[in-house]
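There are 2 protein chains.
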Amino acid sequence: MSDLPKRVHLMEVGPRDGLQIEPKILTTAEKLELIGMIEDAGITEIEVGSFVNPKAVPTMADTSDVFAGIKRKPGVIYRGLSLNTKGVERAMATPNIDLDGRLHVTASEVFVQRNTNRSIDDTFRQLPEWIALYKKAKVPVDGVTMMAVFGCNFEGDIPVQRVADLLARTIDILAEHGETLKCANLCDTMGWANPEQIKRVVGTVRNRWPKLQIKLHLHDTRGLAMANAYAALQVGIDEFDASIGALGGCPFAGHKGAAGNISTEDLAFMCEEMGIATGVDVDKLAAAARRAEEMVGHPVPGKVMKGGTLTEKRRRT
Amino acid sequence: MSDLPKRVHLMEVGPRDGLQIEPKILTTAEKLELIGMIEDAGITEIEVGSFVNPKAVPTMADTSDVFAGIKRKPGVIYRGLSLNTKGVERAMATPNIDLDGRLHVTASEVFVQRNTNRSIDDTFRQLPEWIALYKKAKVPVDGVTMMAVFGCNFEGDIPVQRVADLLARTIDILAEHGETLKCANLCDTMGWANPEQIKRVVGTVRNRWPKLQIKLHLHDTRGLAMANAYAALQVGIDEFDASIGALGGCPFAGHKGAAGNISTEDLAFMCEEMGIATGVDVDKLAAAARRAEEMVGHPVPGKVMKGGTLTEKRRRT
Chain A
37 MSDLPKRVHL MEVGPRDGLQ IEPKILTTAE KLELIGMIED AGITEIEVGS FVNPKAVPTM
97 ADTSDVFAGI KRKPGVIYRG LSLNTKGVER AMATPNIDLD GRLHVTASEV FVQRNTNRSI
157 DDTFRQLPEW IALYKKAKVP VDGVTMMAVF GCNFEGDIPV QRVADLLART IDILAEHGET
217 LKCANLCDTM GWANPEQIKR VVGTVRNRWP KLQIKLHLHD TRGLAMANAY AALQVGIDEF
277 DASIGALGGC PFAGHKGAAG NISTEDLAFM CEEMGIATGV DVDKLAAAAR RAEEMVGHPV
337 PGKVMKGGTL TEKRRRT
Chain B
37 MSDLPKRVHL MEVGPRDGLQ IEPKILTTAE KLELIGMIED AGITEIEVGS FVNPKAVPTM
97 ADTSDVFAGI KRKPGVIYRG LSLNTKGVER AMATPNIDLD GRLHVTASEV FVQRNTNRSI
157 DDTFRQLPEW IALYKKAKVP VDGVTMMAVF GCNFEGDIPV QRVADLLART IDILAEHGET
217 LKCANLCDTM GWANPEQIKR VVGTVRNRWP KLQIKLHLHD TRGLAMANAY AALQVGIDEF
277 DASIGALGGC PFAGHKGAAG NISTEDLAFM CEEMGIATGV DVDKLAAAAR RAEEMVGHPV
337 PGKVMKGGTL TEKRRRT
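Chains A and B are the protein sequences, given in the same order.
Start counting the first sequence at 37; every next residue gets the next number (our numbering).
Start counting the second sequence at 37; every next residue gets the next number (our numbering).
The shape of chain A in the complex, shown without the other chains:
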């Protein structure tokens, strides 16, 4: 009936994508407490923070300190996000970080112009410099994260052909430098995707590059994140970014109350209920989400953290 994977890998991005636009800046100790709870719940890959301009994103100013404070748990991978070569250089000087040779591109011309004052072409012209940096540090460059793949608030719909073209360009540039793209993280940065579109885009990419590992980064801005994840599971996607408590919503005027990332514990709950292993203790992860809610000081959109899992209810009955 469907091609659901047997096992799914969830990367927790709450400490980075979840917290980055929160009005309240958590202390380094609070972030470390959350990371500890997330590890303890069985998550094995955590995006700890990002190396961006602390003036532009003050919530991430202490990323190096957070890394320095980590007591590494065996089997857990600690990631940091770098959006430019300066960020990569900072990441390389950071203790306890697991560097991944991941490039970042954007599928929306208007979005990348607004965010970085550069064009898509400019971004691609800078890739060789990124690749050289990674190679110098002996980090294989095998991943790309593409933002705004499914639509853009400032540009509208994004044609799937453009996504494929940009992936092809990335693959070509990597090949010129003796590197091979192994994983593409396709991001629904602004919550435009619907389930049928997820299947179409994944299908298009997979038809062209059957061996490419596809990962999804979903936002719940319009309530479709979980349906999109289910659509992705049906076509065999087994790797997702997610954020405890569905953190990452927009507290600012205009989009006030808009939802954030897909919730890690809700996604893990859905997988486990359907017999897909996640390695995660959903009850523990829900407890971490409730602790995060206390820390940020306002209700967050996660559901299982409030409705509860079925574990205890099944035991009791």
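Just so you know, not all the hints are guaranteed correct.
[To be verified] Okay, the calculated bits of chain B under chain A, using three or more residues with CB under 8 angstroms as the criterion:
| id | stretch |
| --- | --- |
| 1 | 194-206 |
| 2 | 209-216 |
| 3 | 253-259 |
[What the hints assert, rightly or not] In silico lysine-lysine, DSS-like type, Cα no more than 25 angstroms apart, as pairs:
| id | chain 1 | residue 1 | chain 2 | residue 2 |
| --- | --- | --- | --- | --- |
| 4 | B | Lys42 | A | Lys235 |
| 5 | B | Lys42 | B | Lys171 |
| 6 | B | Lys235 | A | Lys235 |
Everything labelled a hint here was simulated from the structure, so no lab data went into it.
Each residue gets a CB set at the ideal place from its N, CA and C atoms; glycine is no exception.
Chain A is fixed; fit chain B onto it per the hints.
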């Protein structure tokens, strides 16, 4: 790739299921304002209220007054919920109501005992009395609503075989009275369903009674409502209950903040984005949800009402 329907019918249950456990009791005028906005958004079937004990459910005490205040819009069906024969009698004395000959049963023995102090068998023994009442009023008895089909907080998992058995009993009793079951509304009353289970239960029921129209009533208690709806669409389900703003959450201790019904505007948004017609203006429905949020006086979980549809963004770009 899938059997998505071309058109979906959404019944708005917000004025009933959405408001019934809200701590703040809306005025009759407020309810009528909401119903007007919902009609204006293109919804053609609305559950206006329920005929239950006003002491037990004070939010529904004015149901008859709300019906009396309705200015009927052509093409719109106005429903009232009756959970027992006394309720049916009250419904029959109400102006502006579109009576449907719908029986109510529950798939959880523990839940029905807790709620009504009767067993499932007791419920079935009372059905002939319901049927006689409807027949006396010349209302065809052709529907059944079954609660707790997918699991129960007090009983645990509900075997699909029990659901099928209870449907068979209902069909037999109706046949004894010369009536035919045409529609079964399967309710995930406490938010236990997962997408694969939706397909299994729908498949089991449909294999046995291929002509039976199946409708779903989904709750988002654990965040899976929209994924469950997508699973249902994939197996051709084209009728859903839903509540503007995802009203119907639990404001009480123990389950505080637990989510309510699936959001009508979010579900309509998903359908329309996938090319499934709903007849609904999602922007207008989102405005109704925002008005409902103002009325109840606390944030409600609907997403599109905060994140916005894509209509304006596509026009602008």
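Status of each hint after checking the structure:
1. With 0 residues bearing a CB less than 8 angstroms from a CB of chain A, the stretch 194-206 of chain B misses the requirement of three and the coverage assertion fails.
2. With 0 residues having a Cβ less than 8 angstroms from any Cβ of chain A, the stretch 209-216 of chain B misses the three-residue criterion, and the hint is violated.
3. Chain A is given as covering the stretch 253-259 of chain B, and this holds because 4 residues of the stretch bring a CB closer than 8 angstroms to a CB of that chain, at least three being needed.
4. Distance restraint check for lysine 42 (chain B) and lysine 235 (chain A): the Cα-Cα separation of roughly 18 angstroms lies within the 25 angstroms cut-off, and the hinted pair is therefore satisfied.
5. Only pairs whose Cα atoms come within 25 angstroms are accepted, and lysine 42 (chain B) paired with lysine 171 (chain B) is rejected, the gap being roughly 34 angstroms.
6. A threshold of 25 angstroms between alpha carbons decides the hint, and for lysine 235 (chain B) with lysine 235 (chain A) the separation of about 19 angstroms falls inside it, so the pair holds.
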